[in-house]
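Whenever a hint applies, use it, and build me the whole structure from the sequences.
There are 2 protein chains.
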Amino acid sequence: MTSSKDTPLQSLQDLLPKWAHFCLYTEKFITHELNVDLKEKKIVIGVSGGVDSTALLLVLHYLSPRLGCHVIAAHLNHTLRDEADDDARWVQELCASLNIKCLVNSQDIRALAKVMGTGLEEAGRSARYSFFNEVLQSHSAQYIALGHHLDDLSEDVLMRFIRGTGWPGLSGMSGYDPDRNLIRPFLMLPKSTLKAFVTHVGVLWREDATNAESDMTRNRVRNEILPLLLKENPNFRDSVGRLWKIGRIESDYWEKMTQDASDTLSADLLDASHKAARLRLYKACLDRLGPGQALAHTLFNLDEAWQEKRVGAVLQFPGEKTATITASGMVFATTH
Amino acid sequence: MTSSKDTPLQSLQDLLPKWAHFCLYTEKFITHELNVDLKEKKIVIGVSGGVDSTALLLVLHYLSPRLGCHVIAAHLNHTLRDEADDDARWVQELCASLNIKCLVNSQDIRALAKVMGTGLEEAGRSARYSFFNEVLQSHSAQYIALGHHLDDLSEDVLMRFIRGTGWPGLSGMSGYDPDRNLIRPFLMLPKSTLKAFVTHVGVLWREDATNAESDMTRNRVRNEILPLLLKENPNFRDSVGRLWKIGRIESDYWEKMTQDASDTLSADLLDASHKAARLRLYKACLDRLGPGQALAHTLFNLDEAWQEKRVGAVLQFPGEKTATITASGMVFATTH
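Protein chains in written order, with the numbering used here: chain D, 17 to 352; chain Z, 17 to 352.
No wet-lab data here; the hints were simulated from the structure. On a predicted model such as this, the values are computed, not experimentally measured, just so you know. Honestly, I wouldn't trust all of these hints.
One copy or two, it doesn't matter: identical chains are merged, so the pair holds either way.
Cut-off 27 Å, straight-line C-alpha distance, at most; resulting in silico cross-link-like pairs (DSSO-like, lysine-lysine) [as the list claims (entries may be wrong)]:
1) Lys291 with Lys44
2) Lys325 with Lys261
3) Lys325 with Lys44
4) Lys55 with Lys291
5) Lys34 with Lys299
6) Lys44 with Lys299
7) Lys57 with Lys247
8) Lys55 with Lys117
9) Lys272 with Lys291
10) Lys272 with Lys261
11) Lys130 with Lys291
12) Lys117 with Lys299
13) Lys117 with Lys130
14) Lys291 with Lys261
What follows is the structure in structure tokens.
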């Protein structure tokens with residue numbers, strides 16, 4: 017039950033009951049809340065060396081015998097800071113001490129940002145996701161696990177609120193994104209809990225590279241606006257967690273309701289549908305045609321055209337898409 | 017077409033086209049967005065003398081011949097400020113110049129706040145609504161119209177966001193509240209537009225009493241937090257307007273879906289319903305039993321009990337309500 021800075025606790029049985037319970041909570045979240053079955057799956061864990069991803073590596077490592085899954089670590093050296101090489105070495109040593117395979121890659125993010133014409137944060141994110149995806153492919157893994165937690169989610173929801181995201185997008189980043197094979201097992205846990213856990217395990221994590229972010233909006237949201245909200249409501253993060261849960265459920269509801277949407281919507285279906293359902297159907301039909309996001313007010317306009325039965329009316333949407341009102345319903349198409 | 021400080025423009029025909037159009041926009045909002053038909057209706061307008069309610073009085077007065085409705089003004093003197101008597105007199109004179117019936121009442125809000133054990137803002141609001149309601153009753157009116165605008169809505173949505181309100185409550189105050197006979201025709205209009213309109217009409221409004229509010233949270237939200245959000249996104253108010261529209265539509269959707277909810281839910285209905293619908297059904301059944309708000313996580317617990325078919329399980333809810341899992345579904349009851 018002792019832990020030193022050099023050898024972290026090795027298994028679930030070594031943890032204090034409180035922290036073993038914490039690991040089991042995470043298992044329950046993955047299985048019941050995200051509906052992801054990790055049995056006989058291979059998981060790539062993105063590890064920066066910060067406390068969040070270190071905690072994730074540890075928890076999934078401890079859970080892997082129970083879950084019957086296999087974890088491998090992936091670390092991308094952003095070569096942005098003097099300590100970056102040390103970070104990479106540290107992650108490799110931690111993985112070695114836990115007998116976890118660790119893949120390290122190095123990329124000049126500053127140069128990439130220049131090429132992409134974006135900020136360092138976006139370039140870094142893009143490079144990380146693409147490296148993790150490479151590892152997923154080359155190792156025939158099924159999932160990429162990321163350390164985003166409730167503090168990150170609160171920031172994300174606040175950013176979306178400020179930006180004007182609709183519902184259910186407003187409820188924040190997904191916990192399981194099947195299109196990108198991503199899971200985020202810590203979304204309902206505050207960072208403070210992760211710190212306490214990693215400390216208990218006996219690991220001294222590295223200062224998180226994301227703190228050096230160059231995104232000014234995000235920095236203001238994190239350092240100025242979010243603290244003001246937390247002052248008004250110290251339980252703000254729990255509120256965000258609740259909103260997220262409702263958002264996941266309703267997102268799934270609307271997805272299921274619109275899953276058969278194709279390039280036509282019949283008058284029968286539209287006449288039988290409530291306006292809320294019609295708007296979701298329009299969006300699903302347009303999304304299916306390819307990239308290009310329809311603005312809310314253009315969907316309202318389309319619905320107005322339908323209600324006024326303006327047969328022959330053609331409405332334009334981003335991505336060179338059109339919706340045409342016909343006598344028998346609505347037809348969606350691309351013009352290219 | 018000229019206007020002086022003493023005699024405001026008298027009719028829609030006197031306004032510049034731009035401002036006549038603004039009035040017609042408000043008419044369309046009432047008719048199409050709020051789905052309220054004012055034909056042959058009597059409307060009580062709450063008028064403080066501030067720019068918002070003055071604009072509302074003017075617009076509804078100009079529209080009344082078109083809409084075929086009748087407007088009367090109601091002013092509650094809160095006796096909180098030295099200028100309160102002047103405000104009351106000013107409202108009476110404005111109404112006289114427009115030939116609108118004006119009812120004034122006076123109440124010691126400071127004393128009321130003491131009796132109610134609340135802040136001045138809440139006491140004032142409570143006294144206002146109850147006075148407006150009295151006028152509604154005694155004059156056989158159908159609606160109370162209030163001057164809340166897009167700036168108020170933004171503040172309201174931000175307060176709800178901080179407080180942790182779920183969906184669709186998060187989208188803000190209602191535009192039409194049938195239970196309280198309230199309409200808010202200006203919800204999609206920024207205060208700056210109302211100021212420009214009242215200036216054009218030739219009325220010098222009084223400083224709004226609501227600026228003297230005692231609610232510290234609201235003051236911080238208004239003066240500190242909202243400005244930071246507007247700095248990040250100057251179109252934040254428009255985003256709030258969009259969210260409000262989606263919220264209204266989805267609120268109506270769930271209301272219609274749960275309108276037949278009674279004190280039992282059959283297993284057939286529950287088995288055929290998505291989790292999102294089940295949660296809305298539980299809430300509707302509980303709401304129908306009387307006051308007492310169920311917390312989100314208790315509804316999640318109830319759904320878990322249902323999914324695990326824990327027949328015989330009894331779950332408690334605020335307001336001495338219970339939900340019992342039975343073999344044939346779920347039964348809701350009060351224990352008092």
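Self-check item: Ascending list of hint numbers which this structure does not respect
Solution: Violated hints (numbers, rising): 5, 7, 11, 12, 13; every other hint is consistent with the structure.
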